[in-house]
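Sequences are here, hints too, so could you generate the full structure?
Quick note, the sequences are listed as chains A and B, same order.
Quick note: the working numbering has the first sequence finishing at residue 295, numbered continuously throughout.
Quick note: the working numbering has the second sequence finishing at residue 1295, numbered continuously throughout.
Hints are computed from structural coordinates only; laboratory data are not their basis.
Built from N, CA and C at the ideal position, the CB exists for glycine as well.
Treat each hint with caution, since some may be false.
One-sided excerpt, in silico: chain A residues whose CB lies under 10 Å from chain B [stated by the list, open to error]: (1) 139; (2) 142; (3) 172; (4) 213; (5) 225; (6) 227; (7) 250; (8) 252.
Using C-beta positions, here's what the derived DEER-type ranges look like [said to hold, decoys possible]: (9) A:79 x B:1074: 53 to 63 Å; (10) B:1192 x A:73: 25 to 35 Å; (11) B:1066 x A:11: 38 to 48 Å; (12) B:1217 x A:280: 34 to 44 Å; (13) A:74 x B:1192: 26 to 36 Å; (14) A:55 x B:1222: 20 to 30 Å; (15) B:1027 x A:61: 50 to 60 Å; (16) A:83 x B:1004: 34 to 44 Å; (17) A:84 x B:1042: 53 to 63 Å; (18) B:1062 x A:11: 29 to 39 Å; (19) A:35 x B:1293: 57 to 67 Å.
Protein chains: 2
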Amino acid sequence: MTDIYPSRIETTPQLIDRVDPVVHGPGTPGPLTAAQIEAYDRLGYLAVPSLVSADEVAAIDAALDAWTRDGAVRGLSEAITEPSSGALRSIFRVHDLHPTFHGLAADARLRDAARQILGSDVYIHQSRVNLKPGFSGRDFYWHSDFETWHVEDGMPRMRALSVSIALTQNYHVNGPLMLIAGSHRLYVACVGRTPADHYKASLKKQEYGVPDPDSLRTLVERGGIDAPIGPPGTAVFFDCNTMHGSNSNITPYPRKNAFFVYNSVENRLLDPFCGLSPRPEYIATRTGIPVPAHR
Amino acid sequence: MTDIYPSRIETTPQLIDRVDPVVHGPGTPGPLTAAQIEAYDRLGYLAVPSLVSADEVAAIDAALDAWTRDGAVRGLSEAITEPSSGALRSIFRVHDLHPTFHGLAADARLRDAARQILGSDVYIHQSRVNLKPGFSGRDFYWHSDFETWHVEDGMPRMRALSVSIALTQNYHVNGPLMLIAGSHRLYVACVGRTPADHYKASLKKQEYGVPDPDSLRTLVERGGIDAPIGPPGTAVFFDCNTMHGSNSNITPYPRKNAFFVYNSVENRLLDPFCGLSPRPEYIATRTGIPVPAHR
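Here is the structure:
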């Protein structure tokens, strides 16, 4: 089988044109307007301020606080801590681990929007909460999620998207998600072979699948950088190949969000394209069932 | 002699009221308007978009590029490099080392504004250019310059100010200078004794004179965080005790600025309040002459 999105193979970086559509099966009904769909298609992302109400966010946040205060969560393999401080940074597979996030993943505002863009039934490829603490939130370098999901997880095509739901206010100054507009149209093939068990370190600091400066400069010159800000409950939908990252956060304002990756059921994982063993289920599931309309 | 601004002595942090005025000898003539002086007094900083014209910035930047392309500058003790990449990060004492910055320090728009605020003749306590490169610009944690200048350099009173001249566009996303409005009214006494020769590491990563999270939270709740953005040539004047810092910069946009600290000639350095030897002249001069009106 020919790999149409090869990466970490050549010794020089490449910019490859995207083969797949961004909006699949146009006409699938859903909550997004035609203008929202058009913007998503063109930019590779769509920010929706206050998609989730302040009251709902308060309830989600309270549930999360109660859960993370329980020391047991730190013992899970799904829990990722900061290399230096040991502070809890992310928890994976939250849609399976906690009823609040189970419900949020099935919420029509997220799930039906994902179906509308991906043109099929969807399942949760990955979910997590990110707890970027105040004062010491580290930066997260530019990356295309698809590059990693393709190479390390065997995701065959670009038919997945992420939704980030802000649980805290996103300011300009607290390290908000940055996206390069239009970057979803080009695939940056990176250099360097993937080592085995790379994921254990890569969740803390990325060293493989890192795009080169020249490719990044090209993408930024074409589309510019956007960093949607907004109140808690603001959603950002973005394509699996949209280049994104975030700066550090020395402010006292934490940056927390819940994060769901929806993949088309017609885009199930194959063997990883790097030839290594698959990553664990909690990072890239191979057994996900379609998210039902109501649970 | 009683130390009215003790720091790095007690084992718990303290918030101490400022004793000194912010605008000294009001009525000193100068280029700033009454409204600008009032804002500076109240907030502890003043941003002036395009204080220096685009043409002037282009000439300054060209001179700086030519200078730093010359490998010799890296060999100077005044040159500071990034711990990880080895990239040039700052050059100190630029007002003495290069005619372009010599001229800029004496420019009436800077020098006379400093005289107007400080109410006396002024000399350059410290100068530098900061070259925060694209892709890998590190964050710089919150600090009051005065805390360090007082403890490590023996600056007796709060009668100094900094002017930062942006040589590149300041965006929200490329790690702009952040200031806590109104923080100049409170002095955060920090914990931890200063080790000898601290400055060699502190120019790369600060470990002493670091304000505690509770004090920072208090300051931010009182005044909020501002991060002036603007075109090249934008100036930010800020008081020596204004709490400031910056997040990292993963964007391709470098963040370069020229930086001059003006101190009142009536506020000359004493022995360091920490009891250690003075830091080098290029960091804190004891021999600075008043900046003349024209050179």
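A quick look at each hint next to the structure:
With a cut of 10 Å, the hint placing residue 139 of chain A at the interface with chain B holds, because the nearest CB-to-CB distance is about 4 Å. Taking 10 Å as the C-beta contact cut-off toward chain B, the hint placing residue 142 of chain A at the interface holds, the least distance being around 6 Å. For residue 172 of chain A, the interface hint holds, since its Cβ comes within 10 Å of a Cβ in chain B; the closest pair sits about 4 Å apart. With 10 Å as the threshold, the beta carbon of residue 213 of chain A comes within range of chain B, its nearest partner Cβ sitting at about 6 Å, so the hint holds.
A cut of 10 Å between beta carbons decides the hint on residue 225 of chain A: the least distance to chain B is about 5 Å, and the hint holds. For residue 227 of chain A, the suggested interface contact is upheld, since its CB lies about 5 Å from the closest CB of chain B, less than 10 Å. Using the Cβ-Cβ criterion of 10 Å, the hint placing residue 250 of chain A at the interface with chain B is satisfied: the shortest such distance is roughly 5 Å. A cut of 10 Å between beta carbons decides the hint on residue 252 of chain A: the least distance to chain B is about 5 Å, and the hint holds.
One distance hint, 53 to 63 Å for the beta-carbon pair residue 79 of chain A and residue 1074 of chain B, is violated here, with the actual separation near 43 Å. Checked against the given bound of 25 to 35 Å, the beta carbons of residue 1192 of chain B and residue 73 of chain A, roughly 33 Å apart, stay inside it. Take residue 1066 of chain B and residue 11 of chain A: their Cβ atoms lie about 34 Å apart, and the range 38 to 48 Å is violated. Distance hint check: the CB atoms of residue 1217 of chain B and residue 280 of chain A are about 37 Å apart, consistent with the given range 34 to 44 Å.
About 29 Å separates the C-beta atoms of residue 74 of chain A and residue 1192 of chain B, a value consistent with the hinted range of 26 to 36 Å. The hint said 20 to 30 Å for the Cβ distance between residue 55 of chain A and residue 1222 of chain B, and at roughly 29 Å that hint holds. For the pair residue 1027 of chain B and residue 61 of chain A, the beta carbons lie near 52 Å from each other, so the given range of 50 to 60 Å is met. In this structure the supplied range 34 to 44 Å holds for residue 83 of chain A paired with residue 1004 of chain B, their Cβ-Cβ distance being about 41 Å.
One distance hint, 53 to 63 Å for the beta-carbon pair residue 84 of chain A and residue 1042 of chain B, is violated here, with the actual separation near 37 Å. The hint said 29 to 39 Å for the Cβ distance between residue 1062 of chain B and residue 11 of chain A, and at roughly 36 Å that hint holds. For residue 35 of chain A and residue 1293 of chain B, the Cβ-Cβ distance of about 59 Å falls inside the hinted range of 57 to 67 Å, so the restraint holds.
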